[in-house]
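Number of protein chains: 2
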Amino acid sequence: MSHRSCCDFSNNTDSFFQTLYLCQRVTPKGEIAAMNTQQMEQMGQFKITVWEEENFQGKRCEFMLECQNIMERGFNKIRSIKVENGPWVGYEYPEFQGQQFILEKGDYPRYEAWSGNSSYRTEHMLSFRPIKCANHSDSKVTLYECEDFQGRKFEMCDDYPSLQAMGWCSKEVPSIKVNSGAWVAYQFPGYRGYQYILERDRHQGEYRHYNEYSTQAHTNQVQSIRRIQH
Amino acid sequence: MSHRSCCDFSNNTDSFFQTLYLCQRVTPKGEIAAMNTQQMEQMGQFKITVWEEENFQGKRCEFMLECQNIMERGFNKIRSIKVENGPWVGYEYPEFQGQQFILEKGDYPRYEAWSGNSSYRTEHMLSFRPIKCANHSDSKVTLYECEDFQGRKFEMCDDYPSLQAMGWCSKEVPSIKVNSGAWVAYQFPGYRGYQYILERDRHQGEYRHYNEYSTQAHTNQVQSIRRIQH
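In order, the protein sequences belong to chains A and B. Taking the numbering used here as reference, the numbering of the first sequence is continuous, increasing by one, and the terminal residue is 1102. Taking the numbering used here as reference, the numbering of the second sequence is continuous, increasing by one, and the terminal residue is 1102.
Bear in mind the hints are in silico, worked out from the structure with no lab data behind them. Be a bit skeptical, because a hint or two may be false.
Where chains are identical, the list cannot tell them apart; a pair therefore holds if satisfied intra-copy or between any two copies.
[Claimed, not checked] Mimicking EDC-like on lysine to aspartate or glutamate, the simulated pairs with C-alpha atoms at most 20 Å apart in a straight line are:
| id | residue 1 | residue 2 |
| --- | --- | --- |
| 1 | Lys-1049 | Glu-944 |
| 2 | Lys-1049 | Glu-924 |
| 3 | Lys-1004 | Glu-924 |
| 4 | Lys-1049 | Asp-1073 |
| 5 | Lys-1012 | Asp-1030 |
| 6 | Lys-949 | Asp-1020 |
| 7 | Lys-1049 | Glu-967 |
| 8 | Lys-1012 | Glu-967 |
| 9 | Lys-1043 | Asp-1073 |
| 10 | Lys-1043 | Glu-995 |
| 11 | Lys-1043 | Glu-967 |
| 12 | Lys-949 | Glu-1078 |
| 13 | Lys-1004 | Glu-926 |
| 14 | Lys-931 | Asp-1010 |
| 15 | Lys-1043 | Glu-926 |
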């Protein structure tokens, strides 16, 4: 709890989920790949279980490493999720394309629990991966008034449910540099609407234009932003 | 910005919205009520504009004080909102009943931008009020394992996008005491699903049973919680 400055657990117990499972890494072509040292180290750090039906029913599959396409495991859809160790990011399409969904530890009994954007209801989540660079105690991001890191800027290391309430003068953020950690930016205030996962370890942390926020982004509207934490 | 420990505005300018408007307080019966000193003091601290159509079109109305029933202003529905000074809480039904929606400064061009719970699509927001006790620099809440503040407890003064990730052993929170400030608790991780506005200045901050979280609550599921700030 060192990264939280002010909290207290009384009679804290271990978490619900203690069991670790065997893990394989399966490539998009279905081969079982050898895990390197880094991947071995990550075992146990991340765990997600997905079900084909709502409320944790039907076919299930557990993952401790990324999944490039759940349909190759015989799934038509993912309709419920439990994250036992996270965070993860889910994607609308295979190979980490399309709309993004932040998935932190907890229960997601149906699509609405993770999508946060009901006006765009394809209800697909077909690939997902762990977010490895999340480090809550060392998160910094810079927002820029114009594309390509031009214009006025705003450096921050805290969560902002309303950028406008904090003095950002627009509902738009044309470019973003992630200096450290991992962040999730949202279209609307209060952490709602389209979600964009922004990481120091991807794009070198540089998002020069809104179409780099996501392969699906068609607006530079960003009205809230927060850190992603382990 | 004193309540934010680590941020920096470069060339910060004034906010978008500077204009103040005349204000009336209209009772449920349509009378214009005299404002007391406290209400006068609040003028300028809160401002919300609502429209009958999406994307800030059609009939509009501005408020700087609570509205118990928007239908008494001739509205059928509210389909878009701009919060210029907040925070506010919106309610599904007149007189602050039913599902709750936290409304912080920013633009909400359609229902989905504030509801966060697309599985329950009545699309009503018929009353709203300012949240007066929000004080980000002094927020503390205690979660309890059982109803009536019994069992193990967890005191916190920070935002938690996943209570389970922080060690809370269940997806349920049976009772909550707000020691200071105002909070919003959410059904799902990552600030999604049903929203419950919990304030020190209401219920004396005591929520002994989940049916006190909201008149519409039918579950004690709470998987994320965060402070509300001015």
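Against the structure, the hints:
1. Lys-1049 <-> Glu-944: Neither: 35 Å inside a copy, 47 Å across copies.
2. Lys-1049 <-> Glu-924: Close neither inside one copy (37 Å) nor across copies (38 Å); limit 20 Å.
3. Lys-1004 <-> Glu-924: This pair counts as neither: shortest intra-copy Cα distance 26 Å, inter-copy 44 Å.
4. Lys-1049 <-> Asp-1073: For Lys-1049 and Asp-1073, the Cα distance is within 20 Å only inside one copy (11 Å; across copies 40 Å).
5. Lys-1012 <-> Asp-1030: both (8 Å within a copy, 18 Å between copies)
6. Lys-949 <-> Asp-1020: Intra 38 Å, inter 41 Å, cutoff 20 Å: neither.
7. Lys-1049 <-> Glu-967: For Lys-1049 and Glu-967, the Cα distance exceeds 20 Å both inside one copy (24 Å) and across copies (44 Å).
8. Lys-1012 <-> Glu-967: neither (28 Å within a copy, 42 Å between copies)
9. Lys-1043 <-> Asp-1073: Classified as neither; 26 Å inside a copy, 31 Å across copies.
10. Lys-1043 <-> Glu-995: Neither. Shortest intra-copy (27 Å) and inter-copy (24 Å) distances fail the 20 Å Cα cut-off.
11. Lys-1043 <-> Glu-967: neither (30 Å within a copy, 31 Å between copies)
12. Lys-949 <-> Glu-1078: neither (32 Å within a copy, 42 Å between copies)
13. Lys-1004 <-> Glu-926: neither (28 Å within a copy, 39 Å between copies)
14. Lys-931 <-> Asp-1010: neither (39 Å within a copy, 46 Å between copies)
15. Lys-1043 <-> Glu-926: between (35 Å within a copy, 17 Å between copies)
Of the numbered hints given earlier, the model fails hints 1, 2, 3, 6, 7, 8, 9, 10, 11, 12, 13, 14; all others are met.
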